[in-house]
Amino acid sequence: MDSHQMNEPLIYRRILLTVDEDDNTSSERAFRYATTLARDYSVPLGIVSVMESEDINIFDSLTPSKIQAKRRHVEQVVQDYVKLAENSGIKQVEPLVYEGGDVDDVILEQVIPDFKPDLLVTGADTEFAHSKIAGAIGPRLARKAPISVIVVR
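First residue of the sequence shown? That's 8 in this note's numbering, and the numbers climb one at a time after it.
Just so you know, these hints were derived from the structure itself, not from any lab.
Be careful, since some hints might not be right.
Computed beta-carbon distance windows for the label pairs [what the hints assert, rightly or not]: (1) A149 <-> Q86: 22 to 30 Å; (2) T32 <-> A149: 17 to 25 Å; (3) G108 <-> M13: 36 to 44 Å; (4) D9 <-> P71: 52 to 60 Å; (5) K98 <-> L17: 16 to 24 Å; (6) P120 <-> L91: 22 to 30 Å; (7) D121 <-> S10: 32 to 40 Å.
In silico lysine-lysine, DSBU-like type, Cα no more than 35 Å apart, as pairs [claimed, not checked]: (8) K90 <-> K151; (9) K73 <-> K90; (10) K151 <-> K77; (11) K123 <-> K90; (12) K123 <-> K77.
Glycine included, every Cβ here is placed at the ideal spot set by N, Cα and C.
Build out the structure end to end from the sequences listed, making use of the hints.
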């Protein structure tokens with residue numbers, strides 16, 4: 008073990024925050040932690056939300072205006088978080104909105120390769136209405152992600 012290396016601080020260079028537009032409590036706590044790190048380290052922060060296909064019932068999926076309204080809602084949620092992050096002093100904030108199947112698969116297979124973070128911050132899922140497995144997204148990301156993950160409770 009190299010004692011010099013052990014004394015070097017571990018600093019993250021790009022932080023990705025996941026926000027769930029259905030779970031304000033979980034997202035707000037994760038937001039507070041991620042923005043504190045991004046501000047303290049002066050690093051870019053990506054804020055992502057995934058529009059889940061499970062959130063749209065079969066009838067709404069046949070109505071383009073319903074899908075567009077849902078998409079606009081998710082985009083607005085992300086923009087609201089971006090504005091809060093910028094107002095807290097973070098210089099580089101990138102809004103990211105994706106669509107697809109399971110949230111964790113989209114984040115692992117699309118968002119992380121696109122944004123290239125070295126830290127993922129996610130909430131602990133306090134609301135489970137739209138999850139197939141209650142509270143499982145944060146722990147699944149922590150188990151599968153190729154980068155460091157912090158699940159905030």
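Status of each hint after checking the structure:
Between A149 and Q86 the beta carbon distance is about 27 Å. The supplied range of 22 to 30 Å therefore holds. Evaluation of the 17 to 25 Å hint for T32 and A149 yields a pass: the beta carbon distance comes to about 19 Å. Between G108 and M13 the beta carbon distance is about 41 Å. The supplied range of 36 to 44 Å therefore holds. Separated by about 58 Å at the C-beta atoms, D9 and P71 satisfy the suggested range of 52 to 60 Å.
Take K98 and L17: their Cβ atoms lie about 22 Å apart, and the range 16 to 24 Å holds. Between P120 and L91 the beta carbon distance is about 26 Å. The supplied range of 22 to 30 Å therefore holds. D121 and S10 have their C-beta atoms about 37 Å apart, which keeps the hinted 32 to 40 Å range intact. At roughly 30 Å between alpha-carbon atoms, K90 and K151 fall within 35 Å of each other, so this suggested pair holds.
Distance restraint check for K73 and K90: the Cα-Cα separation of roughly 26 Å lies within the 35 Å cut-off, and the hinted pair is therefore satisfied. Using a Cα cut-off of 35 Å, the hinted pair K151 and K77 holds, with the two alpha carbons roughly 28 Å apart. Between K123 and K90 the alpha-carbon distance is near 22 Å, which keeps this suggested pair within the 35 Å criterion. Pair hint K123 plus K77 holds up; C-alpha atoms about 27 Å apart against a cutoff of 35 Å.
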